[in-house]
Amino acid sequence: MSMEEKQNSQTFQDFNQSVLKPSTREEISEIIKLSYKKSVPLEITCLNSKKKIGRNFQTEKTIDLSKYSGIIEYKPEELYIKVKSGTPIEEIVKELDKNNQQLAFEPTDFGYLFSGKSNWGSIGGVVSCNFSGPRRFKVGSVRDHLLGFQGINGKGETIKSGGTVVKNVTGYDLCKLLSGSFGTLTVLTELSIKVLPKPETSKTLIINNPHVKKALEYLGKSLSSSVDPSGGVFYPESFEKYFTFNDLTHQGALIGIRIEGPFVSVDQRIKRLCKELDLLVNEYSVLDVEQSNIFWNKTRNLEVFSNTKKNLVRIVVPMSETLNLLQKLKNMDFSYFLDWGGSLIWLELNDISIKILNEIREITKQHKGYFTLIKVEEDMKASADIFTIDPIKYKISEKIKKSFDPKRILNPGKMYTGI
Amino acid sequence: MSSLQMPKVDNSVLSRKDKIVSDLESIIDPKNVLSHSDELRPYETDGLTAYRKMPMMVVLPETVEEVSNVLKYCNENKIKVVPRGAGTGLSGGSLPLEDCVLLAMGKFNKILEIDFTNRCVVTQPCVTNLAITHAVQDKGFYYAPDPSSQIACSIGGNVAENSGGVHSLKYGATTNNLLGIEVVLMDGTITKFGGKAMDAEGYDFLGLMTGSEGLLGVITEVTVKILRSPEVVQAALVGFPSIEDAGNCVAQIIAEGCIPAGMEIMDKALTKATNDYSKAGYPTDAEAMMIVEFDGTQHEVEAYITKVKNIAEKNNSSSLKISKSNEERLKFWAGRKAAFPACGVLAPDYMCMDGSIPRGKLAEVLNEISKLSKKYGLPVANAFHAGDGNLHPLIMFDANDKESLRKCEEFGADILKYCVKVGGALTGEHGVGIEKRELMCEAFNNRDIQQQLTIKVALDPNSLLNPGKVYPILRKCAEEGRVHVHGGKTKFPDIPRF
Chain X
1 MSMEEKQNSQ TFQDFNQSVL KPSTREEISE IIKLSYKKSV PLEITCLNSK KKIGRNFQTE
61 KTIDLSKYSG IIEYKPEELY IKVKSGTPIE EIVKELDKNN QQLAFEPTDF GYLFSGKSNW
121 GSIGGVVSCN FSGPRRFKVG SVRDHLLGFQ GINGKGETIK SGGTVVKNVT GYDLCKLLSG
181 SFGTLTVLTE LSIKVLPKPE TSKTLIINNP HVKKALEYLG KSLSSSVDPS GGVFYPESFE
241 KYFTFNDLTH QGALIGIRIE GPFVSVDQRI KRLCKELDLL VNEYSVLDVE QSNIFWNKTR
301 NLEVFSNTKK NLVRIVVPMS ETLNLLQKLK NMDFSYFLDW GGSLIWLELN DISIKILNEI
361 REITKQHKGY FTLIKVEEDM KASADIFTID PIKYKISEKI KKSFDPKRIL NPGKMYTGI
Chain A
1 MSSLQMPKVD NSVLSRKDKI VSDLESIIDP KNVLSHSDEL RPYETDGLTA YRKMPMMVVL
61 PETVEEVSNV LKYCNENKIK VVPRGAGTGL SGGSLPLEDC VLLAMGKFNK ILEIDFTNRC
121 VVTQPCVTNL AITHAVQDKG FYYAPDPSSQ IACSIGGNVA ENSGGVHSLK YGATTNNLLG
181 IEVVLMDGTI TKFGGKAMDA EGYDFLGLMT GSEGLLGVIT EVTVKILRSP EVVQAALVGF
241 PSIEDAGNCV AQIIAEGCIP AGMEIMDKAL TKATNDYSKA GYPTDAEAMM IVEFDGTQHE
301 VEAYITKVKN IAEKNNSSSL KISKSNEERL KFWAGRKAAF PACGVLAPDY MCMDGSIPRG
361 KLAEVLNEIS KLSKKYGLPV ANAFHAGDGN LHPLIMFDAN DKESLRKCEE FGADILKYCV
421 KVGGALTGEH GVGIEKRELM CEAFNNRDIQ QQLTIKVALD PNSLLNPGKV YPILRKCAEE
481 GRVHVHGGKT KFPDIPRF
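Chains as they are written, first to last, in the numbering used here: chain X, 1 to 419; chain A, 1 to 498.
These are computed hints drawn from the structure, not numbers from a lab.
With a straight-line Cα cutoff of 20 Å, these simulated SDA-like cross-link-like pairs (lysine to any residue) come out: (1) X:138 to X:196; (2) X:21 to X:48; (3) X:395 to A:462; (4) X:33 to A:447; (5) X:198 to A:307; (6) X:138 to A:257; (7) A:307 to X:200; (8) X:402 to A:449; (9) X:275 to A:139; (10) X:365 to A:191; (11) X:393 to A:72; (12) X:365 to A:190; (13) X:75 to A:256; (14) X:399 to A:75; (15) A:170 to X:230; (16) A:170 to X:200; (17) A:225 to X:139; (18) A:225 to X:225; (19) X:275 to A:230.
Looking from chain X toward chain A, a few residues come up when the C-beta cut is under 7 Å (computed): (20) 77; (21) 157; (22) 166; (23) 167; (24) 172; (25) 226; (26) 319; (27) 397.
As the structure is a computational prediction, the values presented were derived from the model and not from experiment.
Virtual Cβ for every residue (Gly too), placed ideally from N, Cα, C.
Build out the structure end to end from the sequences listed, making use of the hints.
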């Protein structure tokens with residue numbers, strides 16, 4: 001046994017286990033160093049809220065980061081919180097609540113989709129997947145809120161980039177590169193996340209029973225208006241049972257447009273928006289703050305697809321393309337709702353085959369968007385492409401992967417074969 | 001200052017100059033290949049005028065295919081390439097190398113598409129930042145990042161440097177307002193990262209390229225998002241009896257849930273200098289002065305301004321004025337925007353530093369700067385983007401006095417090191433370039449830098465694209481650099497600088 005290995009085995013005894021639960025950065029680094037040396041592939045997990053997203057792949061060992069958890073530093077007046085990557089989102093949200101602050105990018109709670117109940121996951125997972133909630137078009141996505149990180153690359157080396165200040169152009173912006181890399185480049189250890197004040201209040205304008213074409217028109221106008229909404233969603237009629245609020249005057253399809261800010265301004269802005277959209281009094285209702293919050297939590301958490309047995313596809317296109325894309329899918333058996341003001345299509349499919357998926361992928365490409373398989377029948381998963389990539393980007397991705405993880409031991413194959 | 005080490009000159013390239021010129025003339029329109037020293041002179045420096053070097057030649061491609069063919073040719077023939085946009089950068093990112101082909105993107109100067117439905121603009125990279133706003137403002141839209149050189153700097157350069165501006169806290173820097181780019185890699189590969197759809201999947205190459213200072217690829221097309229112009233913009237001008245009071249006021253504004261569009265603090269020296277220069281009506285007896293600006297709907301802005309007024313009073317404000325018209329608001333800013341020329345009146349030369357610090361450390365950092373000012377015997381005036389923590393100390397010195405210049409450089413390096421020490425960053429918006437290259441090891445250790453270098457090597461194995469920038473060559477922490485202005489003259493004296 002070499003000196004190094006001796007040291008490693010002294011501080012991290014359990015390398016023989018198949019699931020490794022390190023509780024310090026040193027332990028994580030040691031595990032990866034040993035894995036690098038022995039070419040042992042690792043699956044990186046924590047609270048398993050998004051484990052099913054991504055391709056199936058085989059690894060000898062799993063790193064479970066759930067013991068590597070905790071808030072390191074929270075500076076409300078500096079608008080950041082520094083946490084260990086295994087920290088549950090719930091714990092962060094609770095802490096921020098105390099100072100009336102929030103994670104403005106509204107991380108999706110995928111627990112509802114996969115198990116019918118909340119499992120919000122860890123901050124490391126949220127950053128690694130970069131799926132952002134309804135406020136995306138206004139405040140940016142998860143990657144826009146990651147100020148800095150520390151992590152362990154595929155050789156077991158600790159690396160860092162960014163910091164805790166919002167303005168920082170020192171060196172390559174690796175925060176962006178690692179967000180949405182599904183744990184294939186670096187095991188994140190510490191994350192500095194930008195936080196923002198919660199708005200004083202929030203209300204939601206609900207427009208009753210529009211057709212999808214009209215809905216997209218309303219959403220487009222709203223997002224281009226100086227009333228500055230922070231959410232814009234369309235639910236077709238099939239979801240009406242999920243939205244039985246006291247403040248709602250009608251059933252059926254609905255548009256929700258969220259207006260947030262100081263008390264005095266919110267009512268005035270909703271009034272202005274109604275006028276800009278030429279709405280008649282019986283065409284809309286307004287959800288007060290509590291009901292509004294419930295509405296957007298349901299949207300953020302995909303609760304209308306709670307515990308679905310069907311398949312779920314996430315399509316993002318420029319909003320001008322949404323209507324045409326939906327029309328091209330009309331022969332398929334699906335239900336959907338629109339978020340991000342009409343740019344994000346959540347598509348729930350009854351029956352799928354590789355042929356159908358390829359068809360949807362091709363249509364999405366024609367409409368200048370992209371397509372991710374979020375939930376898919378297990379027997380399909382082995383053969384279906386979860387993410388889309390073109391040959392040039394694949395080649396570049398391969399090189400980047402190699403520069404962080406030369407032996408391909410971190411989540412190998414989670415995103416693409418060979419990466 | 002001129003003794004900065006650059007990559008070793010490849011004499012075999014220089015000796016082939018005539019052949020390279022004729023080869024490139026067959027790749028692109030011959031009139032766009034410049035090789036005579038008279039033609040090259042305008043390209044010898046960028047906004048960091050203290051450093052100059054004539055490139056071997058300049059090419060001005062007109063299409064993405066031409067860019068690709070030039071890069072491919074240079075890659076195959078091991079010729080260094082330095083990309084250049086408008087040449088306004090303050091950290092020397094486009095400083096030519098003696099043996100380089102300078103790839104000037106000046107002919108990529110057209111806006112390609114204005115798409116109000118998807119609220120974005122597709123443009124060629126050498127369109128100026130402000131031209132984008134000009135193209136959409138008649139419909140009530142604008143492009144948010146506003147680096148102070150926005151009338152001249154190019155959008156492609158903004159992407160390369162991840163430029164900021166005074167509104168970064170609320171609206172983010174370039175990287176947060178960018179939807180897509182078309183890029184040519186050193187081997188000639190043409191590809192697009194992102195597009196009109198938000199958050200392209202896969203590795204975020206758009207994010208990696210943004211702020212990579214021309215080391216990873218050449219940007220040939222840019223898609224940015226545009227925002228609806230706010231209905232109302234209003235500002236308050238507040239004086240404080242101490243820096244601490246101003247700092248506490250900033251912290252409390254944020255703690256109470258206000259996110260101003262812009263928030264600026266100037267110390268007494270700069271308040272007086274700018275007021276003398278521009279007659280902005282500043283409270284010159286105050287130790288610190290703050291301009292805080294909100295935008296949004298009428299009610300929203302009024303609510304925030306009232307809140308700020310109360311917070312300022314609680315923090316011992318000595319004076320407070322609220323703009324009653326847009327003219328008055330612009331007058332508040334006029335002095336601040338004249339910070340550079342105002343300092344030019346006070347001393348023959350000054351250097352503008354660009355560090356980032358945690359907002360709460362302002363008083364501590366300014367105290368340290370004041371101590372250093374005494375130690376080096378050089379006066380300093382400070383401007384601070386309090387919203388986003390970007391500090392710009394202006395050190396006054398005399399470049400004709402070698403000792404004064406040396407002291408100024410040491411002083412500047414000490415400030416930046418202190419910024420890093422208190423948890424800030426070496427550069428908030430100007431970029432590393434050559435200016436802060438040797439200070440990188442203050443912010444990063446060897447492994448951090450090695451990781452970044454392996455990315456560079458992955459995309460440009462021969463290290464031919466903009467070599468010698470950003471990363472230290474000798475890995476020593478020398479003390480050099482910063483924006484140097486002689487006699488109040490920058491390369492573009494009419495561009496306001498923050």
